[in-house]
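Asks: Sequence:
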Amino acid sequence: MNKYLAQFAEVSILRSTGSCNFFGLESKGRKQIRGNGVLVLTTQELCFQMYLPTREWRIPLSSITSIETPKSHLGKTKFRPLLMVKFINNEGLPDSIAWWILELDKWVKDIQQAREKAKSSF
Numbered sequence: 000m001n002k003y004l005a006q007f008a009e010v011s012i013l014r015s016t017g018s019c020n021f022f023g024l025e026s027k028g029r030k031q032i033r034g035n036g037v038l039v040l041t042t043q044e045l046c047f048q049m050y051l052p053t054r055e056w057r058i059p060l061s062s063i064t065s066i067e068t069p070k071s072h073l074g075k076t077k078f079r080p081l082l083m084v085k086f087i088n089n090e091g092l093p094d095s096i097a098w099w100i101l102e103l104d105k106w107v108k109d110i111q112q113a114r115e116k117a118k119s120s121f
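Okay, so the sequence shown: first residue is 0 according to numbering that gives the first Met the number 0, each after it adds one.
Honestly, the hints are just simulated from the structure, not real lab data.
Keep in mind the model is a prediction, meaning the values are calculated, not measured.
Glycine residues also receive a C-beta, built at the ideal position from the N, C-alpha and C atoms.
Be careful, since some hints might not be right.
As the list claims (entries may be wrong) - Using 27 Å as the maximum straight-line C-alpha spacing, the simulated DSSO-like pairs for lysine-lysine come out as follows:
1) K108 <-> K70
2) K77 <-> K116
3) K105 <-> K77
Stated by the list, open to error - Label pairs and their calculated CB-CB ranges:
4) K77 <-> K27: 15 to 23 Å
5) A8 <-> K70: 29 to 37 Å
6) T64 <-> Q31: 29 to 37 Å
7) T68 <-> K27: 28 to 36 Å
Use the sequences and the hints to build the structure in full.
Replies: What follows is the structure, given as structure tokens:
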């Protein structure tokens, strides 16, 4: 986890964890494999790097349209609430991404606060 975190300015990291399980990116369809990785919330974006296969997603806070906590995403479930982030992707289209994560309520609160703070700085 520290290797991934090293690329971020220490002051910009609001929250991070190496214990989350990726449930897929809506625009890529249902046939994605789940995987564990590092989730990082900074003052400007939400970033995820999956361990294997190595993949990375970066979602600017300004492109997030909502945060939800459904129990499934793309037909996959753990029968527990997930962190689902809806956003406008690089193609300008609505998209969503989801993870099973510890301290879900804290993540939701911190993302919402970071979004509000980022809005006020524009």
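Asks: Quick check: which numbered hints come out false for this structure?
Replies: 2, 6, 7
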